[in-house]
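Participant: Single-letter residue listing:
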Amino acid sequence: MRKRFHGLKRIKLRQSWNKYNLFNFSRVEPSPKNTERTFFQQKWTAKALTRAYHGETVREKQWTRTFRRTIRSVVPMDYKMLAEKDGSEQAEGRGSGLEPPPDQKTKPFPRTPYLNMTYAPMERRLDTAIFRALFASSTRQARQFVVHGYVRVNGQKMIYPGYQLNPGDMFQVEPDRVLYATGAPKDKFERRAGRKIRAKYSKKASTSEAPDETEPRTPKSDPSPESISTDKTPKGTLQSLLGQAKELLATPSTSLTAKRKQDLRAFQRTVKRTLGSPKAMTATSLDSQLAEIVARMNVAPQTRPASPSSSTTEVPELSTPELQAEAATLDSTQLRTLRDALKDARENPVDPSKPYATPWRPREWMSAFAFVPRYLEVHPRVCAAVYLRHPVARPGLAEVPTPYGTETNTLAHNWYLRRR
Amino acid sequence: MFRWLNGPGAVFRHPLPGSTNYLNAYDRDGRLIRAIDRSLGKKEQKMEEDEDEIDEDEEVDEDGEIIPKIKQKSKKPRIKETKDEPPLPKENAEDLVPFPMNRQFRSQHVLSEELKDAIYEMVMVDGKSVRNVSATLGVEMNRVGAVVRLKAVEKEWEKKGNPIAFSYAKAILGMLPSTPYVPNDPITHESINDLPVHRATQIQIFHPVSESRHFTRRDAGKVFDRELKPAEDRVPHTELVQLQKWRHEGKLPKERIQLQREKDAKDAQSKKVLERMRKEKAAREIKKVETERSEFRFQDIRIESVRLTGRNKEGVGARYGIPPQDRKKGQVKIPTSVG
Chain P
0 MRKRFHGLKR IKLRQSWNKY NLFNFSRVEP SPKNTERTFF QQKWTAKALT
50 RAYHGETVRE KQWTRTFRRT IRSVVPMDYK MLAEKDGSEQ AEGRGSGLEP
100 PPDQKTKPFP RTPYLNMTYA PMERRLDTAI FRALFASSTR QARQFVVHGY
150 VRVNGQKMIY PGYQLNPGDM FQVEPDRVLY ATGAPKDKFE RRAGRKIRAK
200 YSKKASTSEA PDETEPRTPK SDPSPESIST DKTPKGTLQS LLGQAKELLA
250 TPSTSLTAKR KQDLRAFQRT VKRTLGSPKA MTATSLDSQL AEIVARMNVA
300 PQTRPASPSS STTEVPELST PELQAEAATL DSTQLRTLRD ALKDARENPV
350 DPSKPYATPW RPREWMSAFA FVPRYLEVHP RVCAAVYLRH PVARPGLAEV
400 PTPYGTETNT LAHNWYLRRR
Chain X
0 MFRWLNGPGA VFRHPLPGST NYLNAYDRDG RLIRAIDRSL GKKEQKMEED
50 EDEIDEDEEV DEDGEIIPKI KQKSKKPRIK ETKDEPPLPK ENAEDLVPFP
100 MNRQFRSQHV LSEELKDAIY EMVMVDGKSV RNVSATLGVE MNRVGAVVRL
150 KAVEKEWEKK GNPIAFSYAK AILGMLPSTP YVPNDPITHE SINDLPVHRA
200 TQIQIFHPVS ESRHFTRRDA GKVFDRELKP AEDRVPHTEL VQLQKWRHEG
250 KLPKERIQLQ REKDAKDAQS KKVLERMRKE KAAREIKKVE TERSEFRFQD
300 IRIESVRLTG RNKEGVGARY GIPPQDRKKG QVKIPTSVG
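These protein sequence lines are chains P and X, in that order. Letter by letter, the first sequence follows residues 0 to 419 of numbering that gives the first Met the number 0. Letter by letter, the second sequence follows residues 0 to 338 of numbering that gives the first Met the number 0.
Treat the hints with care, as some may be off.
[Said to hold, decoys possible] Here are the in silico distance ranges between beta carbons for each label pair: (1) P/Arg68 with X/Gly309: 26 to 32 Å; (2) X/Gln330 with P/Gln143: 20 to 26 Å; (3) P/Arg26 with X/Ala34: 19 to 25 Å; (4) X/Lys169 with P/Gly154: 25 to 31 Å; (5) P/Arg67 with X/Lys328: 23 to 29 Å; (6) P/Glu59 with X/Lys332: 17 to 23 Å; (7) P/Arg58 with X/Pro182: 47 to 53 Å; (8) X/Asn183 with P/Gln89: 35 to 41 Å; (9) X/Lys169 with P/Arg264: 18 to 24 Å; (10) P/Lys195 with X/Arg130: 56 to 62 Å; (11) P/Lys84 with X/Arg130: 19 to 25 Å; (12) P/Arg58 with X/Arg326: 19 to 25 Å; (13) P/Gly154 with X/Ile302: 37 to 43 Å.
No lab work stands behind these hints, which were simulated from the structure alone. Backbone N, C-alpha and C define an ideal beta-carbon position, used for all residues, glycine too.
Only chain P is shown next, with the shape it has when bound in the complex (with noise of 0.2 Å):
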C-alpha cells in the first residue's frame, strides 16, 4: 500500500468512505485549468485522476486490455407511443418530421452521457461490485474479504477479486463481516470488555481439558442470543436479556440517547415484572415468550380506553391472572416503548465479542457516500445483492458512479483509445 491513499496535498478521489476523502470530495475543483495545457497532457492528467478512483489495484495493462471503446446504452420506449405510431410521421413535411406549432414544441430530449461510461467494465469486478452494494467500507477492504474467502457468488466461494460478474450472479458476504466494516468501531472500553470476554475462554478452554464435555466456544463463534436461547430455559434467556440492559447503561458510550436509556429501564423493569411470576414461565423458547409477551402487550392498549366488560373478555386469552394484573398495571406508552425494547434488544443485542461496537449502528461519514446502482438489486437484510446487468447510458443518466464529469471522462476514454 502507498503511503498516502487519502492524501491531502495532491487530491485523489478514491473507493472510500474515509472522512478524509470525503473532505477531499467536498472541496475538489470542478475541472482542472486546461488551458495552455497540450492535449496529450490533458488527456494524461484526466487518466491520472480518474484511474486513481477507478480500480486503483488494477495493474494498468490489465485495465488497458478490459477497457472496450463499445458503450452500452438504452433508449426508454413509450408503449403507447410505438402503438400508435408507425415511424413514418418521422418523414412527413420536407423529410424531418412535421414542425409542431411554436406553443406546442416539446422539450429537447436529454443527451445520453456515453463517455461518463469509460469505466464501465471495472463495475463487473466482484470487488467493486460489493463496495457498490454497500457491504464494504471501501473496495480495498471489498478485495481483502474476497481474499479471506468471506463471499460466495452462486453458493459457491470465490476467492478472487477481479471476478467478472455475469448478468444473474448473485454474491453474499459474511453479514458478521458487514456489520464489522459498516458498523461503528468500538471504544476503549468496549475493547476491554471484547479482550476479557476472550481471556476468559481461553482459560476456560485451558482449564477443561475434556474436549466433549462442552461445546467448544472460541471468541469468534461468539454467543449470540440465538445461541443462549437454544441451551438455556426461556427464564434463562430473559435474564440474560435484562443483564445485556444493564451491561449497556453501564457502558460510559456517549451515543446512548436519554430516549434509548429511558426505553431500556422501562425494558429492565418489565422483565423484572415477569421474572416474579413463575407461572409465566411456560412458554419453551425466547421467540414464544417474547411473542407472549408482545401480545399482551397488543391486548392492553385495546383495552384500557374501552368499556371494562371488554377487557373481562379478554381474561381467558392470557394465560394466568398474575399476567393479566401485570398488563393492567403498564399503560399504552409504557408497552410500546416495552416493545420497542424488546424487538430491538432482540435483533440488535449487546454483545462485546463481536468486533464492531454493539448495539450496532453505522459508522460515522457514511450517509453521503450511500447509493445503490440501478445495476445491483441489493437485499441488505441476508447481506446477498443480484448483478442484474451491465451498466448503461440512458438520456440524462449514466449508470457508472464516477465522481468526474464529462469533461474529464471523454479525456481518460481518449487516452485509452491508444492513438496518443
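Chain X: place on chain P using the hints.
Facilitator: Only chain X this time, still in chain P's reference frame:
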C-alpha cells in the same frame, strides 16, 4: 481539514433522519439548501417542484442539467416529519447527486421492504407471472426475479435460524431514497420498456427514398441491418404494445383479454413445437446400435468444431486428448462463470 470536518462538514457525520444526506444538498457553509429555501418563504413553490420526484424519468435538458419537473398528478404529501423541527421538504433531483462534479449520476430510488414483500407475495403466493408483476408495479423483469431470489434466501435463513441483519438493513434503507408501496396505485419504480441501442444503429446512413413511399420504423431498421427488428418487437414488454394497439383499434376490454389469452396460448404452443423439433433433430443425428453388452451411439463430428486453437470445449477429444495448460505462464485461472 479538521476545521471543515468539525464545521460545515459535521452534517455528514451522522445520517439525516428520514432523508438522504449527499454533498450536493448542502452549500459551502454546510447548510441544507432546501431548508434555507423553505425558510426564505418559497415553500409553496418548492413543494410543487419536489412533488413528482419519485418517478424515474426526471426531466433533464440537453447538457444533462436537471430541470425541476412540473407537477403531474397529486400524490400523498411527501413531507417528512422530524421530531422537534418543522417538517423538511422532500429532496429534489439536485439533492440526490452524490458527486457534485458529475450531474449525470444520481442516487436512484431503491425498492422499499414493503414493495419487495409485495413482489414476493405476487410471484410466489398468487402465482402471477414475472412479466405481469413487472408491468403492474413498474419494476424491471430481471429485478423482479432477483427480488424473489433474495427474498427466498431470507426466508430460508429465517427457517434455519441464521441471524438476519435487521438493524443494518434499516439503517441502509434510511440513508437511501426508496420507492414506497401503494397497493392500489403503484408508483412506477423505473422505466420497464428500455430499448437497448443496437450496434448497427450507431452509424449515420444517408438513404434516399421516394416521397410517395410510406417509410416506417420497420423499413428504417432494415436499412441499418437486414435482421434488425423494429422497436416494438425489441422492447421487453411487447405485450403492452400489442394491448395498446388493440385498444387503439377500438376493441372492448373483454375482447382484448380474449385476444391476449389466445396469443399466450399460441406462443406456448409454438414453444412446444420448437422444443419437439429440437429433440427430434438430436435423435436423428445420433445413431444407436444395440448389442448384447451395451448400446453404441454414433454421431457425426465436424473437425472445425475444435476452432482455431484446437482446444475448444465443443471439439472432439476435449476431455481426453488435450493436455492441460494450467501450469503454463500467463494462464488466467479466474473462472468466467460460476454455478
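Participant: For each hint, tell me whether it holds in the structure or not.
Facilitator: Hints, verified against the model:
1. P/Arg68 with X/Gly309: 26 to 32 Å: This hint holds: roughly 30 Å between Cβ atoms.
2. X/Gln330 with P/Gln143: 20 to 26 Å: Cβ of X/Gln330 to Cβ of P/Gln143: about 25 Å, so the range 20 to 26 Å holds.
3. P/Arg26 with X/Ala34: 19 to 25 Å: Holds: the Cβ-Cβ distance is about 22 Å, inside 19 to 25 Å.
4. X/Lys169 with P/Gly154: 25 to 31 Å: 26 Å, holds
5. P/Arg67 with X/Lys328: 23 to 29 Å: 26 Å, holds
6. P/Glu59 with X/Lys332: 17 to 23 Å: Given about 21 Å between the Cβ atoms, the range holds.
7. P/Arg58 with X/Pro182: 47 to 53 Å: 52 Å, holds
8. X/Asn183 with P/Gln89: 35 to 41 Å: 38 Å, holds
9. X/Lys169 with P/Arg264: 18 to 24 Å: 23 Å, holds
10. P/Lys195 with X/Arg130: 56 to 62 Å: 57 Å, holds
11. P/Lys84 with X/Arg130: 19 to 25 Å: Distance hint for P/Lys84, X/Arg130 holds at roughly 24 Å.
12. P/Arg58 with X/Arg326: 19 to 25 Å: 22 Å, holds
13. P/Gly154 with X/Ile302: 37 to 43 Å: Roughly 38 Å apart at Cβ, these two residues keep to the hinted range, so it holds.
Violated hints are absent here; each numbered hint is respected by the structure.
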